[in-house]
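Student: Sequence order for the protein chains is A and B.
Using our numbering, the first residue of the first sequence is number 1, and each one after it goes up by one.
Using our numbering, the first residue of the second sequence is number 1, and each one after it goes up by one.
Among the hints, erroneous ones may be present.
For the chain A half of the interface with chain B, some residues (derived, Cβ under 10 Å), not all of them [what the hints assert, rightly or not]: (1) S83; (2) D113; (3) G118.
Honestly, the hints are just simulated from the structure, not real lab data.
Where a beta carbon is used, it is the ideal one built from N, C-alpha and C, also for glycine.
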Amino acid sequence: MANASRADIEAGGSYLPTPVATPVAMADGLDTPHYEGKERDELWVQYCAECSEHQWGPEWICHGCHSYDVGWRQVAPEGKIFSWERIWHPVHPDLAEAVPYVVVLIELPHADDIRMVGNLLGDPEEEIVIGTEVEAVFEHHPDHDPPYTLVQWSRK
Amino acid sequence: MAGTMRGTTAIVGLAETTYYKRGGAEDAEFKLGLMAVRAAAEDAGIDVRDIDGFCSYSNDRNDPTRFHTALGLHDLKWASMVWGGGGGGCAGAVAMAAAAVHAGIATNVVVFRALAQGQFGRFGAASQTGALQGAAAYTQPYGQMSPAQSYAMKVTRFMHDHGVEQSALRAVSLASYYHAQRNPRAVMYGRPLDEEKYDSSRWIVEPFHLYDCCQENDGAAAVIVTTAERARDMKNKPVYILAGGQGSQHRQSAWAHNAPDYGTSNFKNNAKSMFDMAQVKPEEVDVAQVYENFTGGVVMSIIEHGLIPVERANEEFTLDNFRFDGGKLPLNTSGGNLAECYMHGFELITEAARQIRGESTAQVDSPEISLVAGGPMVEPTSNLLLGAQV
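So that you can see chain A by itself, here it is in the shape it has in the complex (with noise of 0.2 Å):
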């Protein structure tokens, strides 16, 4: 079972039994500004100026006004579950002893209501209610080759 707390993770702790699968930003350079923030526990994500509105995830172009000038902003790292699951059986060796865990799909209403997927922190028995309020706890990994950080969610 997975059931790290937000102060477990702080301690340098993680969520699930590491590595499963390792983030690293893409080649082509589209996501660095995200995997630099991560790193100095800041959530950054793409925002057109000429749109006024957040993108996520990432693209070399906004969809909304077809602008090739994507830039970045930094935005709060809190926000509501948008939806859920519990999975309990493991489709990896390595998740074997990890179920049950959580996958949460976070909302961030301030950000044009943009979503990340992480992992909810804590009993992943207890019940979850679609429109609880969560903030970031980043789960940093920098002795792993290469380093990386996920972005896990912890109850207010």
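Using the hints provided, position chain B relative to the given structure of chain A.
Tutor: Okay, now just chain B, sitting in the frame of chain A:
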């Protein structure tokens, strides 16, 4: 609607190999494909060497030029595949064949799927690990690694938005298993399911129990599409292709679950295009084959095709309504992906055609309109409307 392919083409042959559990086939995947293509041509009453086109979907590994060469075909005028993974393209592949025939590019197009999951990768096991870039890097490191896990949150949000209960998902599963008990081809033939067995089955990922998830199988299946004019002189009752196509709603493939309309099967666009092309209303559908990757997707597909209104989902998603014998909407009458065989939805195509020919093992009384909805929640989705008459 002038100028469409409505009723200008027909399915004239269909066949499948024995269906096996994953890893159960002793024959190589390509050989299974050869067997299905030859059997479909034989069923149609044509020389297999007269096949001049191939269509498939989901990155099928079995290349048309290999078939063309292996079978010594006279010509190859059309070869195409629907993009996208899973079974989203199963109906679209038939529509593509119909479009090629309607346009006069090819005459006898075979649509096929050959699949030996025991010999290649499974959909239901984590395949990508290590360093990941792009969309997968935003989900898989959090342990969201399989199709069931990728779609569960969509279904949960849909159930939350509309107050749909678990019993609706269960009814879909019960219908597939009910019909499979009449179908000797079905892998789950002789293995019935009831409410108690469903309720007590283990969770795979909430809201999916074991019986909400498709099987994984080996086998192959194929159908032959030709012109309606030729079909009228051939040995089987023509199964007219009234409409079919592909579609995807606004920004459905946005990474990390950012599609603006989230709790959807992604059929809202092409359900309308299909019915418009066919000049048929949803209430005229006599029998439906709706792709079950997971039962929740079937619930959304049926609702988004206008077959059951969302506000009546909890009342109308029942086994009684889905039975071939007296149900208001006979559903997945061969057993479908859950209980006949997970041929990535191709068994839904053959069954929809069998219903029009009057050859199903759970035959609906003289159906005129037979619907197929391909894999839901993927991009693009596809669908098909078959008819007994033009």
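Student: Evaluate each hint against the coordinates.
Tutor: Hints versus structure:
Given the 10 Å rule on beta carbons, the hint for A:S83 holds: about 4 Å separates it from the nearest Cβ of chain B. Checking A:D113 against chain B: minimum C-beta separation of about 8 Å stays under 10 Å; hint holds. Because the smallest distance between the Cβ of A:G118 and any Cβ of chain B comes to about 6 Å, under 10 Å, the interface hint for this residue holds.
Figure legend: structure checked against the earlier numbered hints; every hint is met.
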